[in-house]
Structures are given as structure tokens and as C-alpha cells.
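Please arrange chain B on chain A, whose structure you already have, making use of the hints.
Chain residues, written in single-letter form:
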Amino acid sequence: MLNVKIRKTFGKQFVEGDSAMRENVEGAKDGFVLDVDFAAAPGVTILFGASGSGKTLTLKSVAGLARPEAGIISVGEEILFDSTRRVSLPIRERRVGYVFQHLALFPHLSALANVEFPLSDLPRRERRERALALLQNFRVEHASGRLPRAISGGEAQRVALARALASDPRMLLLDEPLSALDDAAKLDIIADLKKINRELRLPILYVTHSRDEALMLGERALIYERGRIVAAGEPSVVLGAPVKGSVARLAGVENIFEGRIARKSAETGMMTVELCGETGASCRVEIPLGRHVENERVTIAVRSGDVLLATEKPRGISARNVLAGRIHAIEERGDQTLVRVSSGVLWTASVTKQSVGELGLAAGKEVWIVFKTYSCRILDVD
Amino acid sequence: MREIDWFPLWLSLRVALVSTVIVVFAGVALAWLLARQRFFGREALDAIVTLPLVLPPTVLGYYLLVVLGRGGPAGRLFESLTGHQLVFTWQAAVVAASVGALPLVVKTSRAAIASVDCVYEDAARTLGHTEWQVFRRVTLPLASRGIVAAAMLAFARSLGDFGATLMVAGDIPGRTQTASIAIYDAAQSGHDRYAVTLVLILSALAFALMYATNRLSSAGTFNE
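If you're matching them up, the sequences are chains A and B in order.
My numbering puts the first residue of the first sequence at 1, with every later residue one more than the last.
My numbering puts the first residue of the second sequence at 1001, with every later residue one more than the last.
Bound conformation, chain B alone:
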């Protein structure tokens, strides 16, 4: 029996953490736009952002390869900044996890922001606040439970991304092999004990996060 390799688990946690930070910022901004602004193509934007939820992971992965690859815009930008290519790095895994988690954050935060009564925002405006101040001092705190729930969902989702991550980050042990990919490898090659260990740890983490998310959502909000 070989020594248990903890690298995939640490990598997954690191990818999930970075992706959660990115996705919460981007997702809350998008959610505010969708919940509070009226513009042409609003629902189309919502649909595009939600797409990763229903697309096959391979389709998503393929799109990401096109955008992140050496010929793609994001890939070229990354290469000119860092000197090495983006695909098949752990950063590519972050991008894949982020795109997968974004719809969850946008959906959850949009609902949280929409549930904040506009009268509080109007009151803040009459009290001399700019739109940014209104968002930071009124909308955000009143929607905070929903947004924290969204962040936990994002973390849980990022922790377990498989398909898109495999396509853009590959399966390089010690470099891009995340826990979910390591489980696949271990199961294929008959390392059952290793697979079961990672399976149980990921399941326990996911359960704890879902439980906490539900508790948060049902704990009630400031708006009755």
C-alpha cells in the first residue's frame, strides 16, 4: 500500500478558495446588475451566465480551451504577462472552477439582492448617498446572508469540478491533478483505499457546506 498523496486535496482546496473569491466579486456585481438595473438584453445575459449549469462539462471545457489556449485571447494575454501558457496549469483549473460556480453565485445573490426592499435604497439616496455608497452600506449588508450562502455554494462547487478542469488543466500529478481527478485515476487503476479516502473527505466537506448554506438561508433575513 502506497503512502496517501495529499497533494490533490490541497490543490482542490486552493483552487476552490481562489475561485470562490473571484466568483463572489464577479457574481455579486453581475447579480446587482441583473436585479437592480434595466438594460437591453438583461435576461439574455442571465441566460448566458447560467449556461454552465446545464452545458455538458466537455462542451464548457472545449469553449475554455478555445479562449484560454495559445491562440485564444485570454491565453495570449496570460502568456504575454507571465511568459508561460495558461492551459495545463493550476490557474487554468481556477478558471474552469470559476466558470462552473459563477451561475450558482449569480442566481443566489440575485435573489438575495432582489429581496432587499427598494425603499431602503431610496431612503439612503435621500440621505445623500451615491449609488456605490447605497450598495455598500445598505444593499450589501441586507443581502449578506444570501451572499455568504452563495460563496459557500461556490466553494463547494469549485471543490469538485471535474470535466472542464480535466480538459483545460489536464491530469498532471503533482501539478494539476485535483482531488476529483485523482479519484477517477485511483478508481481506474484499482487504488480503492485512496479513492475511498478522498471520496469520503469530499463528501463530508460538501455535506457540511450544504448544511451551513441551508441554515443560513432559513435563518431569516432583516426583511420580514
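The shape of chain A in the complex, shown without the other chains:
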């Protein structure tokens, strides 16, 4: 069990003067306070949040690369850092397997020499055997003689993981390990990480701002916002049905609207919310019954992936929300296509490229947007 309770303040000048910190707090114009308290059991704990929210700084504090002004960091019985007792273990004695955001493979050493690097106390032969075994484990032994600049992103990522594990760490700190990879390579590494997690059962702190990675890997997620943890729990719960507006935006919930409860019916188990559009236009949607009262102002969220588009008005359908609208714009976002549809307010639906072609979707076209009552969530306004 890894326990972390830390606080660190940065003034503006300090942030500018400290090159090691600069990249992590780029969003912090007028100083920044990191103030977090969590425990990470063996398994993957996701640190989720926007850049500049303090995730990387947390990893650096655990590794000893940054020094909190107050707090305690411990693994099991051993204390790595304790401000009141003035304990701060040197970085080299903390035994953390740190995979840096840009990997930091030593550019002057081959993949094999990189993995051998932490094994320098062993005799040459044993060192080589262990490093080769690790590379084999990650299916990159063919790259062992190459320099980091001559191997692919996915291979480099696996070499970096092998190197981190070679040091026999008691925890793994992974800083956006998949951010530079394409989707196929990502899935490969996710499989590797799951294997590591099954076999070693180390506490793994995994920094990301990708919702998909968090859902695929995490057993627990901590949601970071401006240096604080604002939500914690199972990833599918905290990210799948976010209750906080800030989390919803981070988690890729595109449809967030303010409105007012127009009608509440215990009979049907639904509430009708009138959403206010920008030009005074409005839009009525049906949402599940909640504790809110009529006329109360609420914020509702619908994930773009839960919104269907139809070119004709659907009949005989269980979805309660069927709204007529007109396509405002179509945007490509990597693998998915976002269709903006105006219907009182501007809705976003994410569809496949194939659907765009088959349905002949284009700006100006009239369509119907369809979503279930239960796809609507009410957010806590924060």
C-alpha cells in the first residue's frame, strides 16, 4: 500500500526558476498549490485530470524528484518522506519504477544497455541475461542492439517499461505512457500493463487525461483539478457518470447544458427539463426523476456517444428524447466524427465516418437526434 499525503506551493517566480517543475504547472499563472491525500493499493490507480492539475507533480514527489513542503509518503511500513520528522529518502533508495512522459531512454545507450543500466551492481553476464529476459518478455529483444532514436514509439515504450522493472521497483509511476502512440500500439501496451499488474501486484500510479485508458486499465481513479483530488472511485463510476461539471468536461462529455425543471412526474418517473439556448430558443428533454424540485435550475450532461442521429423521424422506439434539428457542422476528431446539430441548443453526436457517408450527413441537412432518458445526468454545479 502506497500512502501519499502532500502539500506543495509554488509562487510564480519559483515556478519560472525551477526547470524541473515548469512543465507540470504550466497552467498555474499566479502560483499553484498541490494538496492531495490518497492511498494506492497494489493495482492500477489512475491519476486523471487536465494538464497542469498536479498529476505529474504527485509522481515526482513520490519519486523524490520534487520535494513537498509538508506531508508524508510511505510504502507499507517504510517512510519515504515525512516533513515533520525531516525524513526524505534519496531518490535512488526509493525504488520507484518511473516511466517518464517522454520516456527518457538514455540516447547514447542501446535498448539493451538501457535495461542493463539499473543492474550495474550485478556481474556482466547475469546483467545481460536479466536484461535480455525482460526485453523478451516485452517482445522487443529484436531491438536490443539499437539506439533509442532508431526504434519505434511502441518499442521504445516497452523498453522504458522493461528498464523501470529491471530496477526491481516496489511501485510503478507511469506518466502518460501511451500519449505518443497510435491506437494499435496503445492496445498492445495496455495488454502488457495488465500482465505486469496481474503478475507483480505493485501499486501503479498511472497519469493520463485519456478517458479510454482510465476505463481500460484503472481499478481506481483519482480526479485531479487545480492541485486537488475532486473525486475518487471506480473509473467507470467517476468517469462514466460524472457528477461534477469539471469532471464531465474532462471525461469527454460534450453535451452540457443549463436548464430549468419544467415538470416533474412521479407517475412516469421522469422530469422535463427546459434547456436555454443562446438565442432565446429552447429545447425540452426528458430526464430520470431526481430529488430536484420544479423550476430549480440544473445542469444536464449527455455523452456524445449516447446520441443517435436519424434522417427520418423514428417511430416505435423506446427512447423518450427525439428532437428535430439541423446539422450545423461536422468535425473530424481522430477516429470519430462529431456532428453538431442545432435544435434549440447545439447538440453534439459522435458517429462513425461510415454513418456520415451512408446517411449522407452534411451541414444544413435536417436530422432527428435520439437519446434515452437514462443517458441524461444531472451534474453538481461547481
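Bear in mind the hints are in silico, worked out from the structure with no lab data behind them.
Don't take each hint at face value.
SDA-like, lysine to any residue: derived pairs with alpha carbons at most 25 Å apart [to be verified]: (1) A:LYS186 x A:HIS142; (2) B:LYS1107 x A:PRO107; (3) A:LYS186 x B:VAL1119; (4) B:LYS1107 x A:HIS108.
Negatives, chain B to chain A, calculated, CB over 10 Å [stated by the list, open to error]: (5) ILE1004; (6) LEU1013; (7) ARG1014; (8) VAL1018; (9) TRP1032; (10) LEU1033; (11) GLY1069; (12) ARG1070; (13) HIS1084; (14) LYS1107; (15) LEU1142; (16) GLY1163; (17) GLY1174; (18) ARG1193; (19) ASN1214; (20) SER1218.
We put the beta carbon where it would ideally sit given N, CA and C, even for glycine.
Frame of chain A; chain B shown alone:
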């Protein structure tokens, strides 16, 4: 026409070689301190180390006479160890050349070390390495091109020191007369062919070293 005396050239090469070795060790250590450590008076130390670059050679020579002379601390130490005085020996020429070359090594190596991304050093620390191991296995190899360039600059600079060397080592033919001093003597006394020979050899050496240094610096580093 007298026989060409090669002694000054050999002496210069020997002085330059010894001084380069000393200056690379001292200079890289200072450069690491200046590039990687924060301490009170860091920039003042940099300024002091750089001073020989801009001071008149005679001023530098005078300071060295004070420190290396029979009354000075370094002079007394040398005399108690070896039994003879330091000034007006070829070792004094080494000291003069070293002090002149040190700023070049410190400036060049400091830039080379500063250009090594700290993340590699941090990675080495998380992989269980001590500060010395980090320096030897990560910082030094990644800064090596710059440091080799610094060593070549130091050699070129040491080869041609004149003013400070003349003041502390003198102009004793066959003992402390280096090539640059021999050129001065030869030009003064009308031995033009001798002067021209040494001038051309020193120029060719300096050109080759500068050319190689530039090639090294522009060849790119491991850090893109």
C-alpha cells in the same frame, strides 16, 4: 644559416598537453558545479574563472608571480615538495597556460552540460544511481562532444600562450623558451626564416584544431 632549433616547439607541445589534461579535469568539475548546482556566489565564481580571457596577460602574469613566487603559497608548497623553486621552470609555463585555457574549457563544458536534459539524470537517479554515477554514466557521455571540443580549444590556447608564460617561466633557451617566445626572439634578432617556420607550424596546428572543434560542435548531439 643556423640549424633549426626544435626544442621550443617540443616544449610548447609538452606544456600544452599537460595543461590540457589538468584544465579538462578542473574545468569540467567547475562547469558541472556551475551548470548543475545552485549555491551562493555561483555567477561570481564564473566571472572569476572567466577573467583570464579578458585580463591583460601581464596582469595575469603578475598575479601568478605573486602566487607562484618564493613568497607565494603555491611557490612555497612546490619548493618544499621538490626542493627547487617553481618560477622560471617549464612547470610554471604549464600553470600559466592552464590559467589561460581554463575559461575556454569552463565556458564550453558548462554549455555542453547545461544542454543535457535533466530528465536523463533524474531517470538515472530513479534507477538507483548515486550523483557520481549519474555524472559518469549519463551527464558526461551526453556532454562528451562539447567536452572534447573544450579540450581541443584548451590545447590550442595552451600551445600559444605568451605574456603570462614569459613573466612566470621566463625566456631561458633550452629550458623555458616556448615556441611563441622563440618566435618573438627570432623576429627581434632578425632570424626571419626560423620565425616563419615556427609561425607556419603553429598556425597550421591552430587551424586544424579549430576546424575539428567546429566540426564536432556542428555534428549535432544526442539531445535533439
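Checked hints:
| no. | hint | in the structure |
| --- | --- | --- |
| 1 | A:LYS186 x A:HIS142 | holds (20 Å) |
| 2 | B:LYS1107 x A:PRO107 | holds (24 Å) |
| 3 | A:LYS186 x B:VAL1119 | holds (23 Å) |
| 4 | B:LYS1107 x A:HIS108 | holds (23 Å) |
| 5 | ILE1004 | holds (46 Å) |
| 6 | LEU1013 | holds (32 Å) |
| 7 | ARG1014 | holds (33 Å) |
| 8 | VAL1018 | holds (29 Å) |
| 9 | TRP1032 | holds (16 Å) |
| 10 | LEU1033 | holds (17 Å) |
| 11 | GLY1069 | holds (44 Å) |
| 12 | ARG1070 | holds (48 Å) |
| 13 | HIS1084 | holds (46 Å) |
| 14 | LYS1107 | holds (20 Å) |
| 15 | LEU1142 | violated (6 Å) |
| 16 | GLY1163 | holds (40 Å) |
| 17 | GLY1174 | holds (47 Å) |
| 18 | ARG1193 | holds (49 Å) |
| 19 | ASN1214 | holds (22 Å) |
| 20 | SER1218 | holds (18 Å) |
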